[in-house]
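Number of protein chains: 2
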Amino acid sequence: MSDDFILDTRLAGDTFPIKGLGLSAVRLMDDARWPWLVLVPQRAGIGELFELPPLDQTSLTYEIAAVSAALKRLTACTKINVGALGNVVRQLHVHVVARNEGDPAWPGPVWGVGTARRYDDEARRALIAALRDAL
Amino acid sequence: MSDDFILDTRLAGDTFPIKGLGLSAVRLMDDARWPWLVLVPQRAGIGELFELPPLDQTSLTYEIAAVSAALKRLTACTKINVGALGNVVRQLHVHVVARNEGDPAWPGPVWGVGTARRYDDEARRALIAALRDAL
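These protein sequence lines are chains A and B, in that order. Using this note's numbering, the letters of the first sequence map in sequence onto residues -16 to 118. Using this note's numbering, the letters of the second sequence map in sequence onto residues -16 to 118.
These are calculated hints, taken from the structure and not from any lab test. Hints are not guaranteed to be accurate.
Heads up, the list lumps identical chains together, so a pair's fine if it works in one copy or across two of them.
What the hints assert, rightly or not - Capping the alpha-carbon separation at 16 Å, the derived lysine to aspartate or glutamate pairs in EDC-like fashion look like this:
1) Lys55 to Glu34
2) Lys55 to Asp(-3)
3) Lys2 to Glu46
4) Lys2 to Glu84
5) Lys55 to Glu31
6) Lys2 to Asp116
7) Lys55 to Asp116
Keep in mind it's a predicted model, so treat the numbers as computed, not measured.
Using the sequences provided together with the hints, build the complete structure.
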């Protein structure tokens, strides 16, 4: 972890911490419409995947794969969506979202769709606990 | 390249070939609203990033980074968007899109927005030539 890495305030406000991996913090998007995780590489000043050093790119790839596979196992979803957009929040972050036919945005992307539906405390704690076990 | 890899017919119909890299075919999405590339790993039967063998995951990551950096240099865009969704076309493919403030979907994602605006032949050939040079 870079000493000078600080999580973007908007990311911090929209998500809850799940687990730290070697490079990335894994966080839960507070939107119960989809099981939606965000990986944030703990590196300061990075906005694009290609700005990471090659070894970090490889680490991030394996972390994305591990998180995606765990989310797929846990949710038995139809498809995993992975995206690094950053048009609004420029700090590099990678979305990993479990998608199912008939979900509120299917088959379109989840980003920018409608309004987040916040988890209630109990449901959020249970999901975070299950995700920690799965990771 | 796997002997039994066949490009999905919808991807083939929506894109034009630009260049083959070690693992992926790089193709141009036929939508002049955004400079939009698609990388298709030449592996049969793969739908999710985490289904690729680890070495292929690393190769794909480096190819995404190289293509993203080239697209950024060529277009001087504000932000690169990278996404692997596959809700419609299940064959693994990775979108790399050049985004700018005020573009037709900014700051939302490009997928599923409106109707593609096809390139005219001359503009398409010029862009493909420039992309081949940049890659």
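Problem set entry | Numbered hints the structure breaks, given as an ascending list | Hint check: 2 and 4 fail, others pass.
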